[in-house]
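Heads up: the sequence lines are chains A and B, in that order.
Mapping the first sequence onto the numbering used here, position 23 (from 1) lands on 23, and the numbers just tick up by one.
Mapping the second sequence onto the numbering used here, position 97 (from 1) lands on 97, and the numbers just tick up by one.
Since the hints were made in silico from the structure, they are not lab data.
Among the hints, erroneous ones may be present.
Stretch-level coverage of chain B by chain A, calculated; a stretch enters the list once three of its residues show a Cβ under 8 Å from a Cβ in chain A [to be verified]:
hint : region
1    : 55-69
2    : 165-179
Simulated crosslink set (DSS-like; lysine-lysine; CA at most 27 Å straight-line) [to be verified]:
hint : chain 1 : residue 1 : chain 2 : residue 2
3    : A       : Lys27     : B       : Lys97
4    : B       : Lys77     : B       : Lys65
5    : B       : Lys131    : A       : Lys32
What you are looking at is a predicted structure, and each value in this text was computed from that prediction instead of being measured.
Even for Gly, the Cβ is constructed at its ideal location relative to N, Cα and C.
Below, each chain spelled out in residue letters.
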Amino acid sequence: MTVAIDRATGKRRGEPGQRPGRLDRLKHAYQKYWYAYAMIAPVVVVLGGLVLYPLVRGLYLTLTDANSLNSARTIGVNHIDATYKFIGFDNYADILWGDTAYDRFWAHFIWTIVWTALCVALHYCIGLGLALLLNQKLRGRTFYRLILVLPWAVPTFVTVFGWRFMLADGGIINTMLDAVHLPSPLWLEDTFWQRFAAIMVNTWCGVPFMMVSLLGGLQSIDSTLYEAAEMDGASAWQQFRYVTLPGLRSVSSTVVLLGIIWTFNQFAVIFLLFGNTAPDAQILVTWAYYLGFGQQPRDFAQSAAYGMLLLAILIVFTSFYRRWLNRNDQQLAI
Amino acid sequence: MSAMTVQKSAQSDPADDDAAATQPRGHGRRGLATTLASHGILTVASLIALFPIAWLLFLSLGPDKDDYLHPGRIWDKMTFDNYSFVLQHTNFFDWMKSSLIVSLGTTVIGVMVAATTGYAVSRMRFPGYRKFMWVLLVTQMFPIAVLIVPMYQILSDLQLIDNYLGLILVYCSTAVPYCAWLLKGYFDTIPFEIDEAGRVDGLTPFGTFARLILPLAKPGLAVAAFYSFITAFGEVAFASTFMLSDTKYTFAVGLQSFVSEHDAQRNLMAATAVLVAIPVSAFFYLVQKNLVAGLTAGGTKG
Numbered sequence: 001m002t003v004a005i006d007r008a009t010g011k012r013r014g015e016p017g018q019r020p021g022r023l024d025r026l027k028h029a030y031q032k033y034w035y036a037y038a039m040i041a042p043v044v045v046v047l048g049g050l051v052l053y054p055l056v057r058g059l060y061l062t063l064t065d066a067n068s069l070n071s072a073r074t075i076g077v078n079h080i081d082a083t084y085k086f087i088g089f090d091n092y093a094d095i096l097w098g099d100t101a102y103d104r105f106w107a108h109f110i111w112t113i114v115w116t117a118l119c120v121a122l123h124y125c126i127g128l129g130l131a132l133l134l135n136q137k138l139r140g141r142t143f144y145r146l147i148l149v150l151p152w153a154v155p156t157f158v159t160v161f162g163w164r165f166m167l168a169d170g171g172i173i174n175t176m177l178d179a180v181h182l183p184s185p186l187w188l189e190d191t192f193w194q195r196f197a198a199i200m201v202n203t204w205c206g207v208p209f210m211m212v213s214l215l216g217g218l219q220s221i222d223s224t225l226y227e228a229a230e231m232d233g234a235s236a237w238q239q240f241r242y243v244t245l246p247g248l249r250s251v252s253s254t255v256v257l258l259g260i261i262w263t264f265n266q267f268a269v270i271f272l273l274f275g276n277t278a279p280d281a282q283i284l285v286t287w288a289y290y291l292g293f294g295q296q297p298r299d300f301a302q303s304a305a306y307g308m309l310l311l312a313i314l315i316v317f318t319s320f321y322r323r324w325l326n327r328n329d330q331q332l333a334i
Numbered sequence: 001m002s003a004m005t006v007q008k009s010a011q012s013d014p015a016d017d018d019a020a021a022t023q024p025r026g027h028g029r030r031g032l033a034t035t036l037a038s039h040g041i042l043t044v045a046s047l048i049a050l051f052p053i054a055w056l057l058f059l060s061l062g063p064d065k066d067d068y069l070h071p072g073r074i075w076d077k078m079t080f081d082n083y084s085f086v087l088q089h090t091n092f093f094d095w096m097k098s099s100l101i102v103s104l105g106t107t108v109i110g111v112m113v114a115a116t117t118g119y120a121v122s123r124m125r126f127p128g129y130r131k132f133m134w135v136l137l138v139t140q141m142f143p144i145a146v147l148i149v150p151m152y153q154i155l156s157d158l159q160l161i162d163n164y165l166g167l168i169l170v171y172c173s174t175a176v177p178y179c180a181w182l183l184k185g186y187f188d189t190i191p192f193e194i195d196e197a198g199r200v201d202g203l204t205p206f207g208t209f210a211r212l213i214l215p216l217a218k219p220g221l222a223v224a225a226f227y228s229f230i231t232a233f234g235e236v237a238f239a240s241t242f243m244l245s246d247t248k249y250t251f252a253v254g255l256q257s258f259v260s261e262h263d264a265q266r267n268l269m270a271a272t273a274v275l276v277a278i279p280v281s282a283f284f285y286l287v288q289k290n291l292v293a294g295l296t297a298g299g300t301k302g
């Protein structure tokens with residue numbers, strides 16, 4: 001009974017000689033791998049029960065017209081059975097090309113893409129800039145680093161309330177803008193400024209993670225590479241372009257993917273900043289939540305259908321991203 | 001991870017700028033102007049990072065609920081009244097209890113369930129390995145919208161709405177795959193020779209894992225535990241949907257309850273926010289050095 005520690009070779013040990021019958025092969029595989037399967041069993045059980053089962057149920061729900069009026073519920077002592085019925089793909093059709101599909105889905109879709117792209121780009125550029133600054137020999141850089149991770153250290157639900165105080169009409173930001181005779185926008189009411197504020201707050205929250213990750217990446221770049229580049233007379237920009245950026249590739253590809261997933265699914269910032277007051281600044285995730293839990297009657301089926309669409313978008317994106325990385329001979333670190 | 005710390009300590013030796021300028025080292029050579037500019041940018045960035053928190057702290061000292069609109073008046077009447085009110089007359093301690101039960105419950109279950117899996121995917125290649133890793137990655141990107149409706153229905157079938165166990169189970173759906181990923185990264189940094197030595201000495205794979213690897217992996221387990229703790233602690237959507245009675249709110253939900261349609265006790269809210277933020281950030285600073293290394297382990301190894 002051996003267990004395959006195949007990391008060293010990286011490939012599975014096949015049986016080159018005779019090919020045994022199916023039952024024997026099964027038995028053999030069982031003997032060889034049962035340790036591995038026993039060890040992953042707890043997670044498989046948890047994922048099956050807590051992720052797969054709800055997912056399948058959610059999938060079924062998207063094919064019905066379930067809402068809070070026809071779902072099973074208990075009022076006092078009376079139990080009312082569910083009366084929703086199967087309607088096939090009507091929900092998806094309605095979301096994607098129904099009467100007001102543009103206002104409901106596509107407008108939020110576009111805004112979600114813009115939001116994700118802008119936020120991740122800002123996170124990455126600001127994070128990289130700060131990481132480069134912190135990677136120099138600089139007096140007090142530990143101190144700077146401690147201050148700069150602060151937005152990450154404090155829970156989002158706390159900091160977002162801080163931002164709400166600051167962004168309120170008459171809050172400190174508008175007071176300061178007034179003081180220097182700049183126009184003071186209605187951050188929490190006007191659609192454009194709501195979006196602007198959301199990106200600003202999310203950037204503020206997300207930069208520390210990028211900064212610290214990229215700093216770790218920078219510190220793992222071999223310093224002899226810089227010395228060699230210097231010998232060859234490379235300028236600072238050339239060193240950055242040809243040593244630093246390639247050295248950061250694998251960290252970057254991981255943190256950018258994580259950043260995209262997290263930003264795309266960012267619930268807390270927008271939900272806590274605006275509540276239900278900003279229909280046009282909602283990204284798809286908060287919009288789906290609003291459909292399912294923020295309105296009466298609650299539209300469970302549509303909300304779940306949005307969820308499935310979101311998951312599909314992310315899975316498609318990640319598959320392409322991984323394929324693209326593999327084509328460029330990079331591996332995802334996670 | 002160890003590679004990173006070594007690099008860090010190697011580079012952080014205090015260096016004189018002039019001396020660095022004469023050395024042929026790419027990193028250290030820069031002029032006075034660059035140094036000043038670096039300090040300038042870092043100072044501005046630090047102020048931006050610090051300000052919202054400092055402002056929250058400042059506002060929490062103003063006794064009136066509209067003080068956030070005219071902060072200048074706070075200077076004359078600074079008081080800790082908000083804090084004593086929050087601690088004595090609100091459900092603060094109930095919320096703390098809920099937050100701790102839910103977060104610790106998630107942490108314990110998440111880490112315990114995920115540990116063997118992290119080890120298995122780090123050391124063994126079994127049929128279905130790649131698919132399994134892909135599933136773990138995919139579950140990281142579940143938008144809350146995917147699970148929240150079916151979860152709500154399942155929990156209400158099981159009478160687990162407004163129940164700590166219900167929320168813990170929901171959080172485990174994200175914490176478990178998350179911890180498994182993190183722990184795989186950490187186990188990868190433990191030399192395989194240790195396993196082989198254990199095997200030669202006659203330990204089973206389970207024995208190797210329990211007796212040799214698990215004790216070595218304590219820092220990694222701590223990082224996974226901390227990550228699942230703060231994720232569960234800060235989660236908003238599920239908590240505000242599944243917890244109905246105000247004594248069972250977690251902090252994330254309780255904080256919102258200060259602002260209702262008719263009234264907004266923003267001074268109390270600020271004080272509560274500060275009370276929540278201080279211990280969590282203190283805790284965070286204790287472990288922050290390991291955090292990113294844990295999350296992107298492997299990535300930083302290049």
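- prompt: Any of the earlier hints contradicted here, and which numbers?
  reply: Number 3 - this is the single hint that the structure violates.
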